[in-house]
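Taking UniProt numbering as reference, the numbering of the sequence shown is continuous, increasing by one, and the terminal residue is 214.
It should be emphasised that the hints constitute simulated quantities derived from the structure, not laboratory data. Some clues are possibly wrong.
Claimed, not checked - Simulated pairs of lysine-lysine, DSSO-like, Cα-Cα distance not exceeding 30 angstroms: (1) 74 - 110; (2) 165 - 110; (3) 74 - 60; (4) 43 - 93; (5) 74 - 30; (6) 30 - 43; (7) 60 - 30; (8) 30 - 110; (9) 60 - 110; (10) 93 - 110; (11) 165 - 93; (12) 110 - 43; (13) 43 - 60; (14) 74 - 93; (15) 164 - 93.
Only a predicted model underlies this, so the values are computations on that prediction, with no experimental measurement involved.
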Amino acid sequence: MSPAGSAHERTEADTKQQAQTNENRRQMQKRQTRTRIIETALKLFAQNGFARTSTLAVAKESEVSHGTIFAHFKTQDELIIAVIGEFGDRINKRLHELAGGRSRLREVLKSHLDGLAEFEDFYIRLVTEIRLLPVEVRNTFTMIQSTVSFHISQAYEREEGHLKKLPVHMVFNGWMGLIHYYLGNNDLFSPGQSVLGRYGEELAEYYINLISRD
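Please work from the sequences and hints to get the whole structure.
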């Protein structure tokens, strides 16, 4: 092979490598922008609710153009689904980390509360407005709750004999009803501060005592 041919091949290889590097950089920037939009939307939804948060507001707070929002999410509903999905991933990861394996129900409930406490304002907005959101959004929320229900039911069944014999779905529904009542009335129970931070430990202990045989 002539020196000229070898140099040409090296130049072509360098060009391809540079193109791949540029493409990787664009993809990384795209992922970073998408993540920033989701993080910003989560914060704004927590502050203002879903109905009162526009895609324009998310764009301004994210410091991107309005069109960039729709380059990543075709509709506002798609953005909401992505945000709720991200919230669910974090809650379930937290629950798995803190209460995975063979944890007792008490530990699972406390881990659930710890995870929710990190996103308390967002979760309050979500459970308050969920019936006003599109069915696709509600389905995403239902899948998240199903995963939480699985962890709770597994822990409940491991303590068979120590806890009252109850329908597993009612154990989950009773727990969710209790914490949703406190979250939905946070202005009464804990004005200006985290209701889960103030009552979380007490709620978990109360519920365990409620369903214990002893």
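The hints, checked one at a time:
1. 74 - 110: Roughly 37 angstroms between the alpha carbons, so the hint for residue 74 and residue 110 is violated.
2. 165 - 110: holds (21 angstroms)
3. 74 - 60: It holds: about 18 angstroms lies between the C-alpha atoms, which stays within 30 angstroms.
4. 43 - 93: holds (20 angstroms)
5. 74 - 30: holds (15 angstroms)
6. 30 - 43: Between residue 30 and residue 43 the Cα gap is close to 20 angstroms, so the pair holds against 30 angstroms.
7. 60 - 30: Roughly 17 angstroms between the alpha carbons, so the hint for residue 60 and residue 30 holds.
8. 30 - 110: violated (37 angstroms)
9. 60 - 110: Distance of about 37 angstroms is beyond 30 angstroms: violated.
10. 93 - 110: holds (14 angstroms)
11. 165 - 93: holds (29 angstroms)
12. 110 - 43: Given that 30 angstroms is the threshold and the Cα spacing comes to 24 angstroms, the pair holds.
13. 43 - 60: holds (13 angstroms)
14. 74 - 93: Holds, at about 27 angstroms.
15. 164 - 93: Holds: residue 164 and residue 93 sit about 29 angstroms apart, inside 30 angstroms.
When each numbered hint is compared with the structure, violations occur for hints 1, 8, 9.
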